[in-house]
Structures are given as structure tokens and as C-alpha cells.
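Chains as they are written, first to last, in my numbering: chain A, 29 to 434; chain B, 18 to 493.
What the hints contain is simulated information worked out from the structure, not anything from laboratory work.
All C-beta atoms in this analysis are idealised placements derived from N, C-alpha and C, irrespective of residue type, glycine included.
Any given hint could turn out to be false.
[Stated by the list, open to error] Which residues of chain A face chain B? A few of them, derived with a C-beta cut under 8 Å, are: (1) L196; (2) T212; (3) A229; (4) R237; (5) V256; (6) Y264.
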Amino acid sequence: MRNQDRRPRFTRREFLRGAGTTLVALAVPSVWARPGRAVGTEPVVVSIFLRGGADGLSLVVPHGDPDYAALRPTIQLSPSDTLDIGGFYALHPSLASLRPLYQNGSLAILHAVGSPDPTRSHFAAQDAIETAAPGAHGVTTGWLNRYLATQSVTGEFTGVSVGSSKTLALAGSAETISLVSLDTFQPGKFLITERVSAWQAIFDAWPDRRLSHASEEMFAAAAVVASVPRATPVIYPDTDFARSLRDVAALIKSPVGVRALTVDLNGFDHHVDANGRMPAIAGTLAGALAAFQQDLGADASRTLTLVMTEFGRTAAENGGGGADHGHGSVMFALGGGVHGGRVLTKDRQWPGLAPENLFEGRDLAVTTDFRDVFAEVLRRHLGVADPNVVLPGFAADRAREPGLWS
Amino acid sequence: MRRSPFVLAAIALALSASCIGPDRTDPRPLLDRIAYGPSPEDTRRIREIGARAFIEEQLDPTSIDDSAFEARLASYPTVGMSLADIASIQTIGPDVPMLESMDAKILRAAYSKRQLEAILSDFWFNHFHVRNDGITVGSYERDVIRAHVLGRFEEMLVAVARSPAMAIYLNNMENVRDGVVIGGVERGINENYARELLELHTVGVDAGYTQQDVIALARCLTGWSVDFEEPDGFTYIDGLHDKGPKQVMGLAIGANGGEDDGRRALAYLAAHPSTAAQIARKLVRRFVDENPPQALVDTATDTFLRTRGDLREVMRTILLSDAFLSRPPRTKLKRPLVLIASTIRALRLEIQDDVGFYRSYLWLLGELPYNAGDPRGYSENSAQWLASGALLSRLEFVWLAAGRARAAGLDLDVSGSEPSFELIGRIKARLALSRLSSGTLQPIVDYAEWLAVLPPDIRAVETAGLVLSSPEFQYH
């Protein structure tokens with residue numbers, strides 16, 4: 029019998045103790061213990077994608093623009109309702125927990141940012157950003173995967189999607205994994221050693237070698253997850269998104285060596301009732317981010333969190349108290365030593381909401397190409413000397429970088 | 018106490034002797050591919066009428082009484098609704114139709130007697146994938162896809178092109194002639210749908226078309242738009258149509274045409290030899306092998322061309338071929354929907370109000386119905402489904418399913434206190450597994466021995482869970 033000498037030392041009595049249910053919780057066997065790695069010093073990037081097309085004009089309101097209020101007779105946010113950040117702009121009231129981070133300089137905001145691709149299709153626009161290949165067809169690898177591929181250290185735990193499936197940003201040749209949550213990947217609950225031994229023996233004997241390879245990876249990943257301490261003194265909000273960020277923080281703080289992680293937040297497609305829907309989802313975003321940043325502690329300085337969306341929404345509201353698919357929106361850059369406390373726009377100019385300044389006559393223009401943001405992140409934060417290696421078909425130019433670290 | 022290796026080998030031989038290698042009289046490998054795994058009824062039916070007659074029956078789904086399954090759908094009121102009705106009840110929001118369409122898909126896979134039709138509906142939905150919007154998807158799968166899976170390919174292609182689901186998903190409703198002004202904004206060609214129509218839906222990426230062909234095809238389809246007041250949600254708006262002459266690959270279309278420009282282009286693409294070859298290869302990959310035998314692909318391509326895209330004839334060619342009937346078993350990892358439906362069928366689980374359990378495992382396994390991330394739909398590629406996180410959930414799912422079966426009073430034909438080899442043999446028979454390799458059997462016997470002092474219920478569930486997690490069940 030294979031692995032006889034690796035048999036666990038727990039007894040049938042211990043098995044019986046939890047045997048009222050099918051899933052028997054037992055201590056993680058020592059066979060999975062791995063040599064510890066020093067707590068990380070490598071830069072980490074966390075990409076948060078706001079799915080649906082988040083309305084940048086409501087998240088970071090340009091009160092200084094004389095055209096703003098008239099475009100949105102019913103869904104405008106008044107200066108007294110919003111949180112002033114320097115006169116021209118104000119944060120949505122539900123982003124209150126981000127204001128201290130802005131004020132202490134760890135949060136930078138990019139406005140009028142987005143993709144040069146004019147598509148208003150969610151899928152095309154999301155794909156364009158995650159592949160960092162707007163307009164190109166057939167690019168199936170994500171920019172974060174291509175970044176990982178440039179690094180000498182690879183392994184299944186350098187890139188992690190926390191969510192139902194692997195995000196496109198992490199898809200590609202570098203090994204990455206997706207997990208719904210650390211809890212659903214918890215070997216102590218299900219991978220009791222007797223079962224694992226049986227599976228290993230069965231899968232090893234199967235002619236399709238890919239099965240044993242996949243199972244080895246899975247058992248190894250489970251072992252790594254088992255070593256990730258989950259305890260945190262920080263109280264996160266009671267949302268799925270916050271639980272995902274708690275898992276992301278746990279992975280970053282642990283010695284498993286994560287470098288790029290992605291989390292999605294759905295629910296920004298506000299064609300109707302924007303003022304009814306935005307508070308909850310914006311609050312979900314801000315509450316989780318604030319807890320996450322606090323939880324990271326000493327690791328916050330090496331962890332850059334980028335919050336992005338596929339496009340903004342029309343400058344004018346529609347007939348349903350919402351706004352339709354638009355163009356330019358906002359990005360947030362949190363931690364990682366950014367020079368925050370600023371709203372960054374191209375040449376420090378707000379593109380304006382007057383009719384002649386709107387993209388195709390209806391949307392906030394994109395004056396900062398998201399790839400210029402990615403290029404600066406790659407060069408300044410992730411140490412990729414030539415960002416063009418990760419951004420094919422794009423001529424990165426330092427002069428166009430938004431200046432997150434300047 | 019453990020049995021000696023010699024005894025185990027003898028048991029393995031005894032358990033596997035009934036079926037070594039492909040066996041044309043055994044209904045189970047057939048049901049592994051043209052059904053979501055064996056069910057007792059289907060196994061019995063094949064024994065009664067034979068494999069060929071069973072295949073013919075499945076190729077004629079309206080001849081099969083499916084009222085028991087239809088009755089199950091009664092608790093999902095939005096599933097049977099017309100497109101117009103569902104579009105008009107949006108006060109309830111998209112969530113209810115979205116969930117009901119997903120749950121109906123699980124029920125159909127598990128319980129419909131029209132198994133081949135269910136499998137083909139899933140195959141063609143993925144071929145013509147759209148994302149679940151909670152409005153159009155139910156009628157799209159029912160009226161556009163399932164209605165045509167054993168009909169003519171061109172009719173399905175046209176129905177897809179007219180469907181609001183596809184018009185919205187791949188933006189053809191925004192595809193208008195260059196220069197048209199809508200709401201003060203100058204609009205123009207959107208080539209998104211035309212490109213996928215060539216690359217994914219018909220001739221394939223290597224068929225030699227150019228960017229000019231993509232644009233010309235998009236121009237043919239300008240004016241094909243959406244109107245939820247119409248029965249199929251389609252309307253043609255001549256004012257948005259590009260009236261110039263077009264050249265789509267080998268097809269020349271003169272100036273001043275209308276809706277027919279699109280019809281002609283679709284007919285041309287549906288009849289193209291590259292389309293026939295791409296469809297044939299994809300079907301053979303699904304039903305026979307991931308490395309499709311070229312001879313069968315060629316024969317199926319010929320059938321497609323000879324019958325002008327009669328998909329029933331193409332399926333008949335494939336399913337009655339030696340390459341299909343004599344294929345080596347278990348070369349493909351089951352996709353999550355196949356795994357979950359075949360587990361329900363094998364354990365004879367009855368879904369009552371617990372469909373959420375199965376839906377959440379489809380989600381964990383990465384195949385939430387109608388939710389594939391790009392226009393290619395969910396992959397048929399085993400390697401893609403072997404991703405490490407999902408493998409753990411696969412093992413967990415079958416274990417929990419075995420536990421649910423036992424908790425629901427299904428005894429799996431065992432008490433749990435049988436000698437190990439008998440326990441395993443009974444479970445294997447109950448799950449309609451035709452053969453366990455010795456490499457699988459021995460660790461299961463070891464495990465069952467190790468469990469011997471546990472309560473019989475736990476031993477039965479644990480052993481069944483291990484059998485279900487074995488590649489003999491995970492592959493098909």
C-alpha cells in the first residue's frame with residue numbers, strides 16, 4: 029500500500045468522535061506542514077473589479093463642474109450630502125470610511141480614466157481592461173498573469189482569484205488558482221488523511237496522468253491554505269465582498285508568497301434608481317476596503333490595491349433615475365506607498381461636462397488610458413523595468429503616467 | 018484486518034470480469050455520452066429495445082413522453098413564459114427568471130427522458146453562448162436553441178441572429194449603417210457579432226476570411242434589431258440598414274438590399290464546407306473523443322453537406338458509427354453539469370426544495386448555468402476542468418451527495434455492514450458502474466476495511482463517496 033509510512037496516527041476513536049456528519053473535522057496532519065517562508069517583502073497587487081460600469085460621477089462627484097447639477101436633475105448629489113475632498117470633488121456619502129485614507133495620503137483617486145475602446149458592452153469592456161488589450165481580438169491572457177510570467181518565482185499561489193471562477197486578469201500561462209474562499213478550501217474539514225491516501229493511490233493508478241497531476245496540485249494548495257492563519261483582530265463588515273478581502277489579507281500576511289490577487293464586486297449597472305442602489309454597493313466597497321487596509325498593517329506599504337470598472341455611465345441621467353453605459357469613470361489606488369490625498373487627472377485638467385467636452389456627446393471623456401496607470405504600477409510598484417513586456421501593442425511612455433508615486 | 022494482495026487481486030478480477038473492454042451489449046457506456054449517465058429506466062429500456070433503437074428514439078424526442086419531467090417544471094412559473102411575457106413582468110426583476118432558468122437546466126439534465134435533446138441543448142447553447150440576463154435566456158434556450166437541435170443548422174443560425182438574447186449580448190442591436198444619427202449621436206457599424214458569427218458560430222477562425230469580410234457581414238446585419246412586442250423579439254429597421262454592395266467571402270450581395278442581405282449571408286455561411294467541418298469536429302469531440310477521429314469527422318462533414326445541414330442526420334451518422342459505439346470508455350472528465358446530473362441519476366436522488374444545493378456546487382465547480390465568461394461558452398476540454406480548486410469541490414460534492422441519498426432513506430442496496438468486497442460490489446452495481454480497475458478497487462477495499470468498526474450507515478456513505486470520487490465515475 030502506497031504511503032503506508034505516511035499514515036496518520038489518529039485513531040478510529042477520533043474518527044468516530046465527529047462521525048455524526050459526513051464531513052469529519054480533524055486536525056491537519058503534520059505530513060502537510062511545510063517549511064516556513066519569511067514574511068513577504070515582495071510587492072503585491074490586488075485588483076478589484078467593480079462589475080457593471082460604476083458611475084464615477086456619483087462615486088467622486090465633480091461639484092466644481094458648472095454643468096454637473098443640470099445634467100442630473102434628480103440623481104445629483106448636493107455638496108451638503110457629499111464628503112468634500114478639496115473643494116472641486118467630493119466623495120459619495122457611502123464612501124465615508126475611505127475619506128480618512130484619502131486624508132492620510134494612502135488613497136489616490138484617478139478620474140476621467142478608462143479604456144480607449146469606445147465599446148459600451150460590459151463583456152468587451154471588461155475583457156479589454158483585464159487583458160489590457162483594448163480593441164485587440166483574441167488576447168486570452170490577463171495582464172496580471174503576464175506580469176507573473178515575468179517573475180522568476182512562479183507557483184500556484186502567486187496568483188489567486190478569490191471568487192467563483194478565475195478572473196481573466198489572472199488567466200494565462202503562469203500557474204494561478206481560484207478559490208471561492210479559504211473556508212471552502214479548508215482541508216481540516218474534508219481532507220482527512222485516510223481519504224487523501226485512498227485518492228492518491230486511486231488517481232496515481234489512472235491512465236490519464238493529468239488527474240494525478242491536478243490532484244497533487246490540489247492537495248499541495250490545500251496544504252498551503254491550511255497554513256494560512258485566518259485570525260484577525262479587525263472586524264470586517266458582514267458582506268461576501270468583505271469576507272473575500274479578509275481572505276486576501278490573510279493570504280498576503282501569510283508566508284505563502286502571493287503576488288497578484290483579484291476580487292470582483294458586482295452590482296454597479298444602475299440603469300434605474302441609481303440613488304436607491306448606489307449607497308448600499310458603495311458602502312460595501314468602502315467598508316470592506318477600510319477594514320482590509322487596517323488588517324494589512326505592515327503589509328499595506330507593499331500592497332497596492334487598484335479598484336477599477338469597465339466604464340462609467342452617461343453624464344446625463346436617463347428617464348429612469350439612472351444612467352446608461354458611458355465611458356470615463358474613476359479608479360482608486362490604495363496603499364503601496366502611493367502619493368495619495370489627490371484626485372489625479374490628465375495634466376491636472378478636469379475634462380468637463382459641457383456638451384462639447386463629452387465623449388460622443390454624452391459621456392465623461394477618458395483622458396487617462398487605464399494602460400498608463402497599469403504601466404506606472406508595473407514600473408514603479410512591481411519593478412517591471414519595461415512595462416511593454418506586459419502590455420503588448422502599447423507603447424508605454426513615462427510622460428503619460430498619471431504620477432501615483434510622484 | 019487486511020486482506021492479502023492476492024485476495025484483493027482475485028476480487029478485482031471477479032468484479033471486473035463481467036466487462037473487460039468495450040461491450041456493445043452494455044447500455045452503460047452509451048448512456049454515459051448520449052445521456053447524463055445511466056438511470057435505471059434508460060438502462061432497462063436499452064436492454065428491451067437495443068442500443069440502435071434507443072438511439073433512434075432519442076433522435077426523435079417528441080416520440081418520448083416527458084410529462085413527468087414537465088410536471089416538475091410547474092414549480093418554476095417563469096420557465097414556460099413567452100419572451101414577450103417575461104419582458105413585460107420586469108417589475109419582479111431579473112433574479113427570479115435567472116434562478117429558475119438555471120434550476121430548470123439542472124432538473125432537465127437529471128430527469129428529462131429526452132436526454133439526448135437535453136445534452137444537445139446544452140451543447141448548442143454553449144456554441145451560441147449568451148450570458149444569463151434573467152429576461153431572454155429562458156426563451157432563448159427553449160425557442161431558439163432546443164427547438165432546432167435536431168433540425169436544420171441554418172434555421173438555428175437564423176433564429177439566433179434574430180434573437181434579442183444574441184442581439185444584446187454581441188451588440189448587433191447597436192450595429193447600424195455608418196453615419197446614422199440616433200439621439201443626436203452619430204452611430205455606425207459594430208462588428209462584434211459578425212466576428213463571432215464567423216469565428217465561433219460558423220466557418221471558424223482558420224477559414225481564410227479577412228477583416229473586410231467581418232465588416233461586410235456586419236453591414237449585412239445592420240437593421241436587425243430588437244422589439245420585445247414581437248413574438249420572437251425581432252424587428253428589422255430598414256432605415257438603419259446599410260444599402261451598399263457587399264462581399265462576404267465568396268458571396269456577392271448587390272446594392273439596395275434589405276433584411277434579405279442578412280438572410281443570404283447566413284444561408285451562405287450555414288452551407289459553407291468550413292462550417293460543416295467545424296460543426297462535425299465539435300460534435301465528434303463532444304460525443305466520441307477529445308482527439309476526434311478524422312475519419313468520423315469527415316463522414317459527419319459529408320452528411321452535413323449532403324443533407325444541407327440536417328443535424329438529426331449528422332447526429333445519426335456520429336451515434337451509429339463504429340468509432341462511437343466502440344470507443345474506449347472514460348476518456349473525458351465529466352463537466353460539472355454532467356457530473357452533478359449523473360450523480361443525481363446514479364443515486365436516484367429526488368430534488369424537492371433543495372435544488373440550491375446542486376446549483377451552488379455547479380457554481381463552486383465553475384459551471385453555473387448560462388454564466389460562461391466569454392462567447393465561447395463553457396469548454397469541452399477536460400484539462401480546463403481539472404483546475405485544482407474545482408477538483409476538491411468535485412470530491413466534496415459526491416461525498417455530500419452520497420450522504421444526502423442515505424439521509425433521504427435511499428439505502429444504496431447496502432446495509433453498510435457487508436464484507437468490504439461485497440459492499441463495494443453492491444454499491445458499484447447500484448451506481449451502474451460497469452467496471453472498477455484494480456488500481457481503483459484496492460484502495461477502496463482498504464478504506465472499507467479501515468471503516469469496518471464504524472456504524473454501518475457511515476461506512477456505507479463513506480464507501481459510496483469514495484466510489485463516486487473515483488475516476489470510473491468522474492470520467493465518461
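- Which numbered hints are broken by the structure, listed smallest first? Result: hints 4, 5 and 6 break, sorted rising.
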